[in-house]
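From just these sequences and the hints, can you work out the full model?
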Amino acid sequence: MPTGLLRTFLLLVCLIGTARAELDPAVVDGLGASDFQRRVVAIEALALAGEAGAAVVAAIEAGEFGAYAGRAVVVRGGAVMDLSSGETIDAAAADVALLRLNNRLRRALATAKAGIALQAGSDAERLAAARTLLGDASEALLPLFERVLEHEEVDAIRDVVLQAAARVELASPDAARRLQAVTRLGASADPAVIPMLRPFVSRDATGQWIEPDPAVRGIAEASIGAIERRVAFARQAATVFSGLSLGSILLLAALGLAITFGVMGVINMAHGELLMVGAYATFVVQGLFRMHLPGWFDWYVVAAIPAAFLAAAAVGMLMERSVLRFLYGRPLESLLATWGLSLVLIQTARVTFGPQNLELANPSWMSGSVELIPGLALPWNRIVILGFAVFVLALIWLTLQKTRLGLFVRAVTQNRPMAGCVGVPTARVDTLAFAIGAGVAGLGGLALSQIANVGPAMGQGYIVDSFMVVVLGGVGQLAGAVWAAFGLGVVAKFLEGWGGAVIAKILVLVFIIAFIQKRPQGLFALKGRAAD
Amino acid sequence: MQTRRTFIKALALSASIAAIGVPLGAHAAETIKVGILHSLSGTMAISETALKNVALMTIEEINAAGGVMGKQLEPVVVDPASDWPLFAERARQLLAQDKVAVVFGCWTSVSRKSVLPVFSELNGLLFYPVQYEGEELEKNVFYTGAAPNQQAIPAVEYLMSDEGGGAKRYFLLGTDYVYPRTTNKILRAFLKSKGVADKDIEEVYTPFGHSDYQTIVANIKRFAAGGKTAVISTINGDSNVPFYRELGNAGLAATDVPVVAFSVGEEELRGVDTKPLVGHLAAWNYFMSLENPQNTAFVAKYRAWAKANGVPNADSVVTNDPMEATYVGIHMWKQAVEKAGTTDVDAVIGAMGGQTFQAPSGFTLTMDPTNHHLHKPVLIGEVRADGQFDVVWQTSEPIRAQPWSPFIEGNEARQGL
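Residue numbers (our numbering), protein chains in the order written: chain E, 69 to 600; chain F, 26 to 442.
There is no bait here: all hints are sound.
Across the chosen pairs, the derived CB separations fall in these ranges:
#1 F:Trp109 to E:Arg389: 37 to 47 angstroms
#2 E:Phe579 to F:Glu316: 52 to 62 angstroms
#3 F:Pro431 to E:Asp366: 47 to 57 angstroms
#4 F:Ala333 to E:Leu166: 37 to 47 angstroms
#5 E:Leu166 to F:Lys217: 32 to 42 angstroms
Simulated from the structure, these hints should not be mistaken for laboratory data.
Everything numeric in this text was worked out from a predicted model, so none of it was measured.
Glycine included, C-beta positions come from ideal geometry on N, C-alpha and C.
Right under this line is the structure:
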């Protein structure tokens, strides 16, 4: 940081001198104006001012820029300097009205910086700058676009700049230029372009076409159609993805329950609190990383995987040994007992960590999004969680199907006395199976901590959803839970797009009630004598 | 339910006794009892616990300075457990059984509505410290939070101005209950009066505790393609975190689509990774980051109190708008009691009008003589990376409350209040 500041300072020192000559006097006037809008325009105009502009931008960002008696000044080290002449003015620093940054100014600064970077930055910087300017393309920036297009060689950047220039040239009085602009914009997938093209295919109040040239009108019509098709496709794809993402979250929340309730038949009302334990374990790991391994902070989530699993599994094992094992085959009592346990766990968390929600940061590799096709940006944290759900599912499937323990679990749940007869230690298998279910819930909690709130009562919000998934999928079935989770996710998202979040929630619940009426065994049912 | 209630009751009781160390068998004649009615468990505990804390701190402060009319104040803390009917039950207990002189409490509008009949029946006195939707004026209640014209309307005016980005389209997003619905009704009428067309206003609600904002954020993005857009959020409680997180990940920065929130303050931001929020706005009548002597003292006092009383995470406690309103309310009540010379409810109500107090917001707040609301300054702040706010706009002086919004039909006759 100090070197950065120093560099900025040195840059300023050398640039303020050269800035004088290069800055347009109109811009300097605007910067010192008391009218907010004039200032914004002046700041945006810095985009064309090259290095002299960069110096002013840096001063504004450092909070050193202000106005004194209608002049733009820079306050540095208690001295007040005129921006254009660089002379020290005889004025107290306290009398200068420093420019306070807000969103509007930050946006103007971003435009100015992008304009400067577009002419001088690296390939990646120029591309990012061009994208920034796309949203703010204005008449004033057209000379800049033209200048850039003269010598820019990277096609990707040229394309973006051409798009930006086309947006400005829509207003050109020359029909040929309008035609070219309208044609170019047809390649866009940005919904913001559609309202720009609308006037070209509309009539004004007197019934006259706003656009006099029929050729331009025709192309505009086609361009709007093309953009709308792209936008609609991106929208459908985004809905499917968000449905899958919601499904993966439902699945992670429900997988642990699919083992404890689905396979073992224990109605575990404390399942939500096992999610909470996993999330709190993640929080503890984050704290340890922040304190001891700040350099590796981005990877705390990975280290939290075993921690969350083990913590929740330990709590689960304790629950099973101390309470649940006395209640097998008595669903009512176990329902009450586990509910009591859930209250104990919530209150324990509240007393230990406080009632406040905890702050869990997304690691940088899980922040932001990736643009698959234009208009379809998928957030990284959701992609990672979708992958994680698949990973956990595979892990459980392998454990249940391919290990000796899995074989025992299946044997015990299908026919306990028979399994006991052939020498399976049923009590120990019960404990281990419950611990695995609890541990998987802990993994669910880890995933939820990256998306939702972490607080003592977080589990309460997921218990209904979890039971919904397991019951809909069919008790005793992992595959059922998978289909139910993803199916519910996608259906809920399409319903939400159609009728809003409240209606979607109601319809999903109504659908599940109707479905269970019709098919009490769920989507998939175990066949044979095992299913009783 | 019964098991849980009893359990919570027992816990709350032991907790409150432990927290305040009420001397058992205190001499009733020498103290004035003061009720504190805030949820210490359940979903609202996250917000209301801090109000209980600041109330206890203020009472200690008043006691240390000699009490009220020479008598010490004795706080009676009850826990309505975020359960609205239980609020009424607890309020009745405070008024009928504990005979408190005044109650400071409630957060959600629904909890306030559920205690109102009790207060008018038993002629109690309630100080309500949270910003709310208006459309109410009870003889037995003093409202120290903001009415819509002291928060929502100035915030929207700011968004419309050049300085605020000159928004042309408005996305009204809220949790589905009375406060957001009424506020949005007022805002819609206000926006229309400013010439905003219906097609440029979108109103969307989510259930309480909603955590999947993918579709809504995608809709905001699409809506914003139609012109300069601002989001006005009345999302309450926990849902704010997933909302802002989704917004950040979808690449909607505050410079593109600013979100102004009416229920997000310093306390709510404590449980949040603030990176995706930087630059988004909140409208309140007080921010912790204000620099003036009253606020510096207020913040320092609360920090010290939290540390001395073992509040969890005492190092990072924050102050916020409803806490300031609680603080102001208790002090104004004290002044009114001293003016009236008695704690009798009707006499105190009569003495409340015109009371002034030098508040931590840096302004001298006045209790309106007729409408039971405070005149309050309006501040708009931008979220900083440290979870505090930078004030980017403020009114030059406190604004009088309009509990009956002129933007709702049928309120024309009530504008004088």
